[in-house]
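Asker: Sequence:
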Amino acid sequence: MSNTLSATSHIERRLQALGIELPQVAPPVAVYVPAIGSDNHVFTSGQLPFINGELQGRGKVGAGVSADDAKAYAATCAINALAAIKAQIGDLDRISQIIKVVGFVASDPAFTGQPGVINGASELLGEIFGEAGKHARSAVGVAVLPLDAPVEVEVTVELFPDSARPVGWTSAPLPTS
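Letter by letter, the sequence shown follows residues 1 to 177 in the working numbering.
Wrong hints could be hidden among the right ones.
In silico DMTMM-like cross-links for lysine to aspartate or glutamate, where the CA-CA straight-line distance does not exceed 20 Å [as the list claims (entries may be wrong)]:
#, residue 1, residue 2
1, Lys134, Glu123
2, Lys134, Glu154
3, Lys134, Asp108
So the derived label-pair ranges between C-beta atoms look like this [as the list claims (entries may be wrong)]:
#, residue 1, residue 2, range
4, Gly59, Asp162, 42 to 48 Å
5, Ala17, Asp148, 31 to 37 Å
6, Thr112, Gly53, 29 to 35 Å
7, Ser66, Tyr32, 27 to 33 Å
8, Phe160, Val33, 18 to 24 Å
9, Phe160, Ile36, 27 to 33 Å
Quick caveat, the hints were computed from the structure, so don't treat them as lab data.
Please read all numbers here as calculations on a predicted model, not as lab measurements.
Using N, Cα and C, we set each Cβ at its ideal position, and we do this for glycine too.
Please work from the sequences and hints to get the whole structure.
Answerer: Structure follows, in structure tokens:
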């Protein structure tokens, strides 16, 4: 099978249909890489909700940051994770399955809605990848995150072996609207 990419992959068309443009990968804030591959898996580092180099929101969910805003930030983290994965593998159509999402929510001690916040990432990955977007997940409340971010998300994906990826493979239908 050729490793030549189509002009626009299925997942790229799906992202366009959803109005999502993958950003440039944010430079690490410490000594690590944004994503790394091992065999047929790619693991991202924790992704923060950066848009155009600006952290979206600061503080704790339940004390200054609303759960709804934090859910949107989790979706932004997932978009940033996909950008890091794409930088690692070149073509998001190589993803056969989203394996696991780990979400960290900087939480006020009384806040217990971490799963709802991380649904922002999970729902978006489901919209993009369809059945292949279903994944295992952890949603963890923490006292503080780097740069005082309210949310951080890690994503692990499995890749098709080059010889196993079906010709014309698609993971989710394009939206009709």
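Asker: Any hints from earlier that this structure breaks? Give me their numbers in increasing order, please.
Answerer: Result: hints 3, 9 break, sorted rising.
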